[in-house]
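Please put together the full structure from these sequences, using the hints given.
Residue numbers (this note's numbering), protein chains in the order written: chain A, 52 to 376; chain B, 52 to 376.
Some hints could be false.
Copies of the same chain look alike in the list, so a pair counts if it works inside one copy or between any two.
[Stated by the list, open to error] Taking lysine to any residue pairs in the SDA-like style, the calculated list, with each CA pair at most 20 Å apart, reads:
#, residue 1, residue 2
1, K53, A69
2, K66, P233
3, K53, R374
4, K326, L289
5, K313, A91
6, K318, A187
7, K326, Q135
8, K326, P102
9, K163, A115
10, K318, A372
11, K318, D121
12, K76, P114
In short, the hints are calculated from the structure, not lab data.
There are 2 protein chains.
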Amino acid sequence: MKIAILGGGGFLGRKISALLARDGKLDGVSVTGLTLFDVAPPPVPEGAAFPISAIGGDVVALPAAAIPADTDVVFHFAAVVSAQAEADYDLGRRVNLRGTDAVIDACRALRKPPRVVFTSSVASFSGGQDAILPDAARQIPANSYGAQKAMAEILLADASRRGFLDAVCVRLPTVTVRPGRPNRAASGFFSGIIREPLLGLEAELPVGDDFAVWICSPRRAMDWLLHAAILDSALMGLDRSVTPPGISVTIAQILAALETVKPGASKLVKRVEDKAIADIVGTWPAGFDPLRGHRFGFGRHESLVELVRAFVADDLEATRADRGL
Amino acid sequence: MKIAILGGGGFLGRKISALLARDGKLDGVSVTGLTLFDVAPPPVPEGAAFPISAIGGDVVALPAAAIPADTDVVFHFAAVVSAQAEADYDLGRRVNLRGTDAVIDACRALRKPPRVVFTSSVASFSGGQDAILPDAARQIPANSYGAQKAMAEILLADASRRGFLDAVCVRLPTVTVRPGRPNRAASGFFSGIIREPLLGLEAELPVGDDFAVWICSPRRAMDWLLHAAILDSALMGLDRSVTPPGISVTIAQILAALETVKPGASKLVKRVEDKAIADIVGTWPAGFDPLRGHRFGFGRHESLVELVRAFVADDLEATRADRGL
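In structure tokens, the structure reads:
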């Protein structure tokens, strides 16, 4: 099985490529080649038993080598994140929408239609704190990032119907805890209020303790994205998008889980108003009723305490080292 | 009030420009200028008391003169129709999606955000003969034209939220009876089975007599599009799309109305299988429950017999003359 990862230098791309390098298989099938693409050539994970190439470039002018002719699975993660897409309309529209056109056109040129696993987002919905949305809910985005993700879902579903490719669009919850440094995603603080205190650092919280958010762990995101790569897409019909079963949790519940793992850590969380951030995340629905996700075999989520412990086990030391702490 | 019509040479564009030229006003406000844009410079209607310019070009490379700096209302009708967008993916995506980007970018350059009235379509939904869809229904298009229209709705809603323009997207039912010749829309036969027999010509019918379709008359479409130009868009919230109150009718009901207006005419309708056409229209929902349309003041539809009589009154002689019959 030959795999290409667009956005291979990002958080999800690095996690997936490290997993593939470690396991050498996807759903029991040997991986025989991996191509990583990003703005700059992504880091190549060590220890793989198959060849890996790393390519840098512009997703809108996608080099042919980014998706080799015999590619079976494309993970399309290349995107401009939410706060950045809101700050720079042209950049967001170009990368998030024109970039998806370029991926479709590259797939049309392949020998056979590849599976394309696309990361869409909870931000493609609105409704805010009162909304628990069913699968049939209309996407009414309240930010440009969500609008671009919703459009890319439609582009990929149409390209699948036409036989250009075979897409599964996974609407990821807010992935928490992200390792590393804060990025420009509006949702960054959900990770920050866990990660930073575990590093002994202060973190800013721009919403109230009763604010509810739909999240998933990086472990569960990886599990779902790999499942999306091998899922029988005929189950999906015309609608190639799926909301996997995340968990709806409040800030108070997150802080309680943090206290369970490291007593006293939540004192490092400082309430700091940030209207721009609160306005963006305040439009996202508090939860979903992900019946299709269950039906298509996306795994159930672990508890919030397990989510915090998994960050400690998987990413805390590497984050500390990366940041020179 | 200054008005620009993109797609000014098409069926809807010519109807609107003729109405504006005749009335000289929109919602009681004098029209002070009209710009018509299409692939070729559109015909200029006679008798207007205000200046009219006609410009030809490519909507994706929209000339600045197509939307003058002091434009108040843009009617954006420029599109590749359904069967053509299905036959030529690149052309449909370019005109229907990239063209809408170009319109947004042109509007951003204006002195103030104009009202943009966009024609979306019932083809942006699926569900087929069993579906009567509520306003909250998710758009799951079953054809590239519908996909491109659904994406353009999202683009225009996001551009409205950002203050680049002030869009109202009207999801027109299948406009029936269209005058002139058959065009490449998959829905063309719904008009053909009324228009052609009234001209004394045979018409082909590719679906059964119990097939239900959501339609509106050209008169009602004009009324709705002019209403969309002056509607208070603050009522709409983030969702700038509206399904106006069309009527759900069966082929048998259409043929009965034709018989009422011209006894014997329905004998000219020939049952001819066309799987490509039947497959496209067979995915469109049979009807809608257009509560938002009523709430926003879109006028109720007249009866089917009135619809047929209006074609005879408004368009039959001109169609006969145009076609040299």
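Here is how each hint holds up against the structure:
1. In this homomeric assembly, K53 and A69 come within 20 Å of each other (Cα to Cα) only inside a single copy, at 15 Å, whereas the closest approach across copies is 59 Å.
2. With identical chains, the CA atoms of K66 and P233 are at most 20 Å apart within one copy only, with a shortest distance of 17 Å there and 55 Å across copies.
3. In this assembly of identical chains, the alpha carbons of K53 and R374 never lie at most 20 Å apart, being 34 Å within a copy and 58 Å across copies at closest.
4. For the identical chains of this complex, K326 and L289 are inter-copy neighbours only, at 19 Å across copies versus 38 Å inside a copy, given an alpha-carbon limit of 20 Å.
5. For a Cα distance limit of 20 Å, the shortest separation of K313 from A91 qualifies neither inside one copy, at 37 Å, nor across copies, at 70 Å.
6. Neither within a single protomer nor between protomers do K318 and A187 lie at most 20 Å apart by alpha-carbon distance, with minima of 41 Å and 43 Å respectively.
7. In this assembly of identical chains, the alpha carbons of K326 and Q135 lie at most 20 Å apart only when taken from the same copy (16 Å versus 46 Å across copies).
8. For a Cα distance limit of 20 Å, the shortest separation of K326 from P102 qualifies neither inside one copy, at 47 Å, nor across copies, at 47 Å.
9. Only within a single protomer do K163 and A115 lie at most 20 Å apart by alpha-carbon distance; the minimum there is 15 Å, versus 42 Å between protomers.
10. Within a single copy, K318 and A372 get their C-alpha atoms no closer than 23 Å, and across copies no closer than 83 Å, so neither meets the 20 Å cut-off.
11. Neither within a single protomer nor between protomers do K318 and D121 lie at most 20 Å apart by alpha-carbon distance, with minima of 53 Å and 56 Å respectively.
12. Proximity of K76 to P114 under the C-alpha cut-off of 20 Å is found in neither arrangement, the shortest distances being 26 Å within a copy and 53 Å between copies.
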